[in-house]
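Full structure from sequences and hints, please.
So you can see what is in the structure, the chains are spelled out below.
2 protein chains.
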Amino acid sequence: MRNLKVLMAYKGTAYHGFQRQDNAITVQEVVEKCVSKVLNHNVVINGCSRTDTGVHANNYCFSVLTDSIIPPRNFIRGVNGHLPADISILECDEAAPEFHARFSCIGKEYEYRIHNSESKNPFETDLSYHYRRPFDADLVRYAAKKFIGTHNFASFCSNYNEKQDTVRTIYDFSVEINGDSVKMLVKGNGFLYNMIRIMVGTLLAVNEGNIKADDLESIMKAKNRQLAGRTAAAHGLYLNRIFY
Amino acid sequence: MRNLKVLMAYKGTAYHGFQRQDNAITVQEVVEKCVSKVLNHNVVINGCSRTDTGVHANNYCFSVLTDSIIPPRNFIRGVNGHLPADISILECDEAAPEFHARFSCIGKEYEYRIHNSESKNPFETDLSYHYRRPFDADLVRYAAKKFIGTHNFASFCSNYNEKQDTVRTIYDFSVEINGDSVKMLVKGNGFLYNMIRIMVGTLLAVNEGNIKADDLESIMKAKNRQLAGRTAAAHGLYLNRIFY
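Listed in order, the protein sequences are those of chains A and B. Residue numbers are given in this note's numbering: position 46 of the first sequence equals residue 46, and the series is strictly consecutive. Residue numbers are given in this note's numbering: position 102 of the second sequence equals residue 102, and the series is strictly consecutive.
A few of these clues could be false.
What the hints assert, rightly or not - If we take Cβ atoms under 7 Å as the criterion, some of the chain A residues that face chain B in the derived model are: (1) Tyr10; (2) Ala14; (3) Gly17; (4) Asn80; (5) Gly81; (6) Asp86; (7) Ile87; (8) Ser119; (9) Phe123; (10) Thr125; (11) Ile242.
Unchecked claim - If you only want the chain B side, here are some residues facing chain A, beta carbon under 10 Å, derived: (12) Lys37; (13) Val44; (14) Ala57; (15) Gly78; (16) Leu127.
It is worth saying that the hints were derived from the structure and are not from the lab. Only a predicted model underlies this, so the values are computations on that prediction, with no experimental measurement involved. Idealized CB from N, CA, C, for every residue including glycine.
See the structure below:
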């Protein structure tokens with residue numbers, strides 16, 4: 001049995017996230033249909049992560065078991081030939097039998113894109129968050145650094161319950177500005193439900209003067225979602241890299 | 001009477017070009033409707049250029065006459081409040097009475113975007129031309145230089161007739177590569193119908209070995225559309241800058 005490790009990119013706008021659901025179209029369902037056609041048998045793919053409705057992926061990894069002898073190059077071409085315009089297979093490699101896209105993952109990087117301008121960008125509808133207010137990059141960078149390290153992120157989680165382990169480690173949180181485009185890159189060992197979007201919404205609250213950067217540590221300690229900022233819009237978020 | 005000079009960006013996918021037509025939706029029609037609402041009188045806007053169906057604009061200039069005393073900043077906000085997601089007003093300034101977006105123009109720059117990869121880019125559907133073959137940047141750059149200068153571009157025009165003045169001056173033709181993204185920038189004093197797209201299609205034919213770079217001068221001299229390459233797809237083309 002071969003274990004194929006596959007990398008793909010998708011625009012999430014049309015999908016109710018990655019994971020298969022009844023009564024809603026998901027990336028998993030569409031990809032499984034196309035992969036099944038190419039491999040000539042029904043497959044279940046193992047995705048590296050759930051993603052929310054409207055969230056995108058620059059690099060999303062899934063693994064799939066098959067007895068097919070199709071070469072990886074032909075797999076890429078074949079599946080891409082069936083996929084719609086908003087999903088694209090980028091790479092395919094043979095993986096060790098024990099590799100699993102989700103359980104083997106040791107870290108992830110997310111990107112959050114903001115178009116910071118009075119006028120919207122007509123080429124980035126659904127692809128970046130349009131934010132009109134002045135953006136204080138130095139202040140936001142200073143605040144973002146507070147998240148780096150190992151903390152309890154219960155205040156930055158949408159469905160927190162006390163039984164859940166909400167300790168995570170953030171390795172890096174950078175804020176890059178290029179003209180009116182702002183890109184935040186967050187690298188960590190794992191993320192809670194809506195954690196990146198709540199961290200971004202909190203940084204925007206800091207930018208707007210509604211939360212103080214120096215209060216972020218006490219907000220983390222309080223384990224209270226109410227103290228953090230809003231959940232930033234899904235359509236600015238991209239799963240950017242998966243580390244194994 | 002004030003003469004407003006307005007800069008906008010649009011994604012051309014949903015429109016039959018800029019210029020108003022019967023029985024087809026155009027950028028001009030949509031913008032005129034929104035501007036008329038904000039200025040409180042019916043307007044005809046003077047665009048800097050026609051663009052083809054599916055062609056985009058990073059910067060498109062139009063001028064409009066009005067007796068309204070609306071401040072430029074409010075004009076921008078007001079019109080943007082009415083426009084659909086794929087058109088955005090970027091700037092508005094008072095212009096001299098004799099300014100006309102089309103007749104005052106002394107030059108234009110177009111951009112042509114190519115996604116050069118085996119796999120398509122799911123975020124650039126309709127926004128770049130997907131080109132799978134290996135791209136020889138040095139060869140294409142060498143060939144592109146042949147277009148620079150004052151030449152008769154009749155071979156690079158879709159609707160050539162002998163009465164038309166087909167002499168144009170190209171100031172610059174650059175080819176930038178960034179990962180799998182190729183960007184061509186063409187600056188000139190004016191362009192014939194489909195001229196950029198035929199020049200790009202011809203450069204791709206050079207890349208593919210079907211036209212020799214050193215034959216481009218004789219192809220220009222021949223004034224024969226059949227000798228040039230194909231017309232590259234509209235959706236990779238952007239009106240990038242207008243010079244006054």
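Hint by hint, here is what the structure shows:
Nearest Cβ of chain B to the Cβ of tyrosine 10(A): about 5 Å, under the 7 Å cut. The hint holds. Interface restraint check for alanine 14(A): the shortest CB-CB distance to chain B comes to about 10 Å, outside 7 Å, so the restraint is violated. Nearest Cβ of chain B to the Cβ of glycine 17(A): about 16 Å, over the 7 Å cut. The hint is violated. Here the hint on asparagine 80(A) is kept, as its CB sits about 6 Å from the closest CB of chain B, short of 7 Å.
Hint status for glycine 81(A): violated, given a least beta-carbon distance of 11 Å to chain B, over 7 Å. Because the closest C-beta pair between aspartate 86(A) and chain B is about 5 Å apart, less than 7 Å, the hint holds. Using the Cβ-Cβ criterion of 7 Å, the hint placing isoleucine 87(A) at the interface with chain B is satisfied: the shortest such distance is roughly 6 Å. Annotation: serine 119(A) was flagged as interfacial toward chain B, and the flag holds, the nearest CB pair being 5 Å apart, inside 7 Å.
For phenylalanine 123(A), the shortest C-beta to C-beta distance to chain B is roughly 5 Å, which falls under 7 Å, so the interface hint holds. Using the Cβ-Cβ criterion of 7 Å, the hint placing threonine 125(A) at the interface with chain B is satisfied: the shortest such distance is roughly 4 Å. Proximity of isoleucine 242(A) to chain B is violated relative to the hint, the smallest CB-CB distance being about 17 Å (cut-off 7 Å). For lysine 37(B), the interface hint is violated, since its Cβ never comes within 10 Å of a Cβ in chain A; the closest pair sits about 18 Å apart.
For valine 44(B), the interface hint is violated, the least distance from its beta-carbon to any beta-carbon of chain A being 22 Å, above 10 Å. With a least beta-carbon distance of about 9 Å to chain A, the hint placing alanine 57(B) at the interface is held under the 10 Å criterion. Given hint, glycine 78(B) at the interface with chain A, is violated; its Cβ is 12 Å from that chain's nearest Cβ, farther than 10 Å. Contact between leucine 127(B) and chain A, as hinted, is supported at the beta carbon level, the nearest pair being about 6 Å apart and thus within 10 Å.
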